[in-house]
Amino acid sequence: MKRLLVFAPHPDDEILGCGGTIIKNIQQGNEVYVCVVTRGYPPYFDIERINKNVEDAVACHQFIGIKKTFFLDFPAVQLESVNRFDLNGKVLDVVKEVMPDEVYIPHYGDMQKDHSVVADACMVALRPKYKPQVKRILGYETMSETDWNTPNVQNAFIPNVFEDISDTLELKKKALSFFSLQVSPFPDARSEGAIDALAKYRGALMHWNAAEAFMLIRELK
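Quick note, in my numbering, the sequence shown goes up one by one and the last residue is 514.
Hints were generated in silico from the structure; no laboratory data involved. It is possible that part of the hints are untrue.
[Stated by the list, open to error] Below are the DSSO-like pairs computed for lysine-lysine, each with C-alpha atoms no more than 27 Å apart in a straight line:
{"id": "1", "residue 1": "466", "residue 2": "345"}
{"id": "2", "residue 1": "389", "residue 2": "428"}
{"id": "3", "residue 1": "389", "residue 2": "422"}
{"id": "4", "residue 1": "383", "residue 2": "406"}
{"id": "5", "residue 1": "360", "residue 2": "383"}
{"id": "6", "residue 1": "389", "residue 2": "361"}
{"id": "7", "residue 1": "295", "residue 2": "406"}
{"id": "8", "residue 1": "383", "residue 2": "466"}
{"id": "9", "residue 1": "383", "residue 2": "424"}
{"id": "10", "residue 1": "295", "residue 2": "428"}
{"id": "11", "residue 1": "361", "residue 2": "466"}
{"id": "12", "residue 1": "360", "residue 2": "389"}
{"id": "13", "residue 1": "360", "residue 2": "295"}
Let's have the full structure, built from the sequences with the hints guiding it.
This is how it looks when you write it as C-alpha cells:
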C-alpha cells in the first residue's frame with residue numbers, strides 16, 4: 294500500500310489536476326490525503342461562498358474516499374503576503390503526519406500566484422534531508438491556470454509522466470461536479486467538457502482513451 298499526498302492551493306484544484314489519478318489509487322487500495330492550503334476571507338469572499346466551498350470539498354472527498362483532508366486556512370489570493378516561515382512550517386507538519394510515498398503539487402509556473410507559492414512551500418518541506426524521504430514528487434496541471442501565464446521556459450508545463458485514467462475519467466467528472474460554485478458550462482476551462490477534452494488529448498498522446506499528465510520533479514530510488 295502506498296500513501297499519496299496532494300496539495301491543493303484551493304478546493305477543487307486537486308480534482309482538476311489529478312482527480313482521475315486519485316480515484317485510481319484509492320481503487321487500488323492506496324491511501325490518498327489532500328491538503329487544501331487556502332480559504333476565502335471577507336471582504337474578498339462572502340461567508341456563504343466560503344462555507345459552500347468547504348462543504349463541497351468535504352462532500353467530494355467523502356465521495357471518492359480520501360483518507361483525510363487537511364485545511365490550513367491561509368488566505369486565498371493573498372499567499373504572497375503571508376509569512377513564509379509559517380506557511381512552510383504548516384506544510385511540513387502535514388508531510389510529517391502523512392509520511393507519504395508520493396506527493397502531488399501544483400505547477401510552479403501557473404498564473405495564479407497562490408499556486409506557485411504553494412509549490413515553493415512544498416519543495417521546502419520535501420527537501421531530501423527530512424526523514425523519511427518522499428520518494429516521488431510530481432507537478433500537476435490545472436485548467437485555467439497552467440496555460441494562461443506568460444509564455445516562457447520557466448512557466449512551461451512539459452509533462453513527462455502520464456497516468457492512464459480511462460477507467461476513472463467519469464468518476465473524476467462526477468467528483469468535480471460537487472464544486473458547484475467553481476464549475477461553468479463549456480467552453481469555460483473549468484467545465485466538464487474541457488476536463489473531458491484535456492483528458493482525451495493527454496490520453497491520445499499515449500494511445501489511451503484518457504490520461505492525466507504530470508511533470509516529474511524528483512524521484513528517489
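**OP:** Just pull the numbers of the violated hints for me, sorted ascending.
**Re:** Structure breaks hints 7, 8.
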